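J.: These are the residues of each chain, in order.
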Amino acid sequence: MSLREFLAMGSYGPYIWACYAVTIAMLIFSAWSARRSLHEQIGAARRRVEMQKEERT
Amino acid sequence: MWLWFHKLSSPPYAYRLATLLRPWFFWLAMALMLFAAYGGLVLAPPDYQQKDAFRIIYVHAPAAIMSLQVYVVMAIAAAVGIIWRIKLAHAVAAACAPVGAAFTVVALATGSIYGKPMWGTWWEWDPRITTELIQLFLYLGYMALRASFDDTQRADRASAILAIVGVVNVPIVKYSVVWWNSLHQAPTISKIGKPAIVLSMAWPLYTMLLGFMLYFAAVLCDRVRSEILRRERNAAWLTETVKTS
Numbered sequence: 001m002s003l004r005e006f007l008a009m010g011s012y013g014p015y016i017w018a019c020y021a022v023t024i025a026m027l028i029f030s031a032w033s034a035r036r037s038l039h040e041q042i043g044a045a046r047r048r049v050e051m052q053k054e055e056r057t
Numbered sequence: 001m002w003l004w005f006h007k008l009s010s011p012p013y014a015y016r017l018a019t020l021l022r023p024w025f026f027w028l029a030m031a032l033m034l035f036a037a038y039g040g041l042v043l044a045p046p047d048y049q050q051k052d053a054f055r056i057i058y059v060h061a062p063a064a065i066m067s068l069q070v071y072v073v074m075a076i077a078a079a080v081g082i083i084w085r086i087k088l089a090h091a092v093a094a095a096c097a098p099v100g101a102a103f104t105v106v107a108l109a110t111g112s113i114y115g116k117p118m119w120g121t122w123w124e125w126d127p128r129i130t131t132e133l134i135q136l137f138l139y140l141g142y143m144a145l146r147a148s149f150d151d152t153q154r155a156d157r158a159s160a161i162l163a164i165v166g167v168v169n170v171p172i173v174k175y176s177v178v179w180w181n182s183l184h185q186a187p188t189i190s191k192i193g194k195p196a197i198v199l200s201m202a203w204p205l206y207t208m209l210l211g212f213m214l215y216f217a218a219v220l221c222d223r224v225r226s227e228i229l230r231r232e233r234n235a236a237w238l239t240e241t242v243k244t245s
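So the sequence lines, in the order shown, correspond to chains A and B.
For the first sequence, position 7 (counting from the first letter as 1) is numbered 7 according to our numbering, and the numbering increases by one without interruption.
For the second sequence, position 126 (counting from the first letter as 1) is numbered 126 according to our numbering, and the numbering increases by one without interruption.
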């Protein structure tokens with residue numbers, strides 16, 4: 001099977017590759033947004049801890 | 001068992017456990033998904049009716065199954081949070097919603113693209129499609145309800161009720177193709193003991209589902225950690241944790 005045949009998927013290529021692209025995009029977005037919000041929360045927690053330290057001194 | 005349950009419900013322990021497990025879940029999920037995609041796109045033979053278009057099923061069906069499974073996890077976590085007043089359970093429930101919504105969007109979008117060559121239409125107000133759309137609205141409604149409260153405890157309680165009540169939609173989506181005349185094809189993999197497809201076509205499907213489950217676990221680890229951090233105001237362990245991570 002040639003690469004061209006594989007990509008064509010018996011004329012269903014556009015539908016199949018669109019589905020896989022949508023899925024990959026959503027998986028990346030979902031994992032990325034979870035990471036981003038985690039880093040935001042770590043940053044916020046760090047600032048809280050430092051503020052409390054300053055208040056004590 | 002109860003000791004373990006008690007230990008798990010302590011935020012510092014859960015936070016550390018999530019940090020530890022996340023890379024394992026994530027990289028195992030990546031490997032399984034790649035392997036399943038190779039199996040589904042290259043190794044599996046074309047379907048005798050749907051030809052190559054059936055290869056869409058390898059992302060569509062696992063995403064649709066996850067859209068229901070994540071909801072069940074979310075509803076159980078919400079129920080545990082309400083009944084035993086465990087804050088961490090509410091944190092888990094809150095962490096489930098965005099991932100579940102993402103899987104539901106994938107299921108609907110790939111289903112729509114699948115529908116065009118198979119049924120000749122992008123969208124039909126078919127029982128399966130309509131109930132799955134309601135599933136998406138349940139996730140979005142849950143997240144909107146949470147966002148509308150400033151107080152986390154009140155948000156937890158109110159959204160938990162919605163999550164528990166909304167779980168009725170799960171069997172409705174699942175059996176919609178059996179109960180009503182539907183354009184949608186009958187389930188392929190849930191016939192335990194009597195598989196509807198041959199092994200060479202089936203294994204990439206199960207592998208992709210397992211990959212999606214582990215991916216969900218990995219993202220859940222990150223989301224639970226941010227929920228814990230958001231809720232913990234001035235615990236001593238927090239000082240140690242944010243210094244090192």
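To be clear, the hints were calculated from the coordinates, so they are not data collected in a lab.
For clarity, every value in this text was computed on a predicted model and none was experimentally measured.
It is possible that some hints are incorrect.
[As the list claims (entries may be wrong)] Keeping only pairs whose Cα atoms sit at most 25 Å apart, straight-line, the calculated DMTMM-like set for lysine to aspartate or glutamate is: (1) B:LYS174 - B:GLU240; (2) A:LYS53 - B:GLU240; (3) B:LYS51 - A:GLU54; (4) B:LYS116 - A:GLU5; (5) A:LYS53 - A:GLU40; (6) B:LYS51 - B:ASP126; (7) B:LYS87 - A:GLU5; (8) A:LYS53 - B:ASP126.
J.: Against this structure, judge whether each hint is valid.
T.: Hint by hint, here is what the structure shows:
Distance restraint check for B:LYS174 and B:GLU240: the Cα-Cα separation of roughly 46 Å exceeds the 25 Å cut-off, and the hinted pair is therefore not satisfied. With a CA separation close to 13 Å, the supplied pair A:LYS53 and B:GLU240 stays within the 25 Å bound. Between B:LYS51 and A:GLU54 the CA atoms are separated by roughly 68 Å; this puts the pair beyond 25 Å, and the hint is violated. At roughly 21 Å between alpha-carbon atoms, B:LYS116 and A:GLU5 fall within 25 Å of each other, so this suggested pair holds.
Note on A:LYS53 and A:GLU40: the hinted pairing holds, with a Cα-Cα distance of about 20 Å set against a maximum of 25 Å. For the hint pairing B:LYS51 with B:ASP126, the CA-to-CA distance comes to about 24 Å; that is within 25 Å, so the pair holds. Between the alpha carbons of B:LYS87 and A:GLU5 the distance comes to roughly 54 Å, so the proposed pair goes past 25 Å and is violated. With a CA separation close to 59 Å, the supplied pair A:LYS53 and B:ASP126 exceeds the 25 Å bound.
Violated hints for the displayed structure, listed by number in ascending order: 1, 3, 7, 8.
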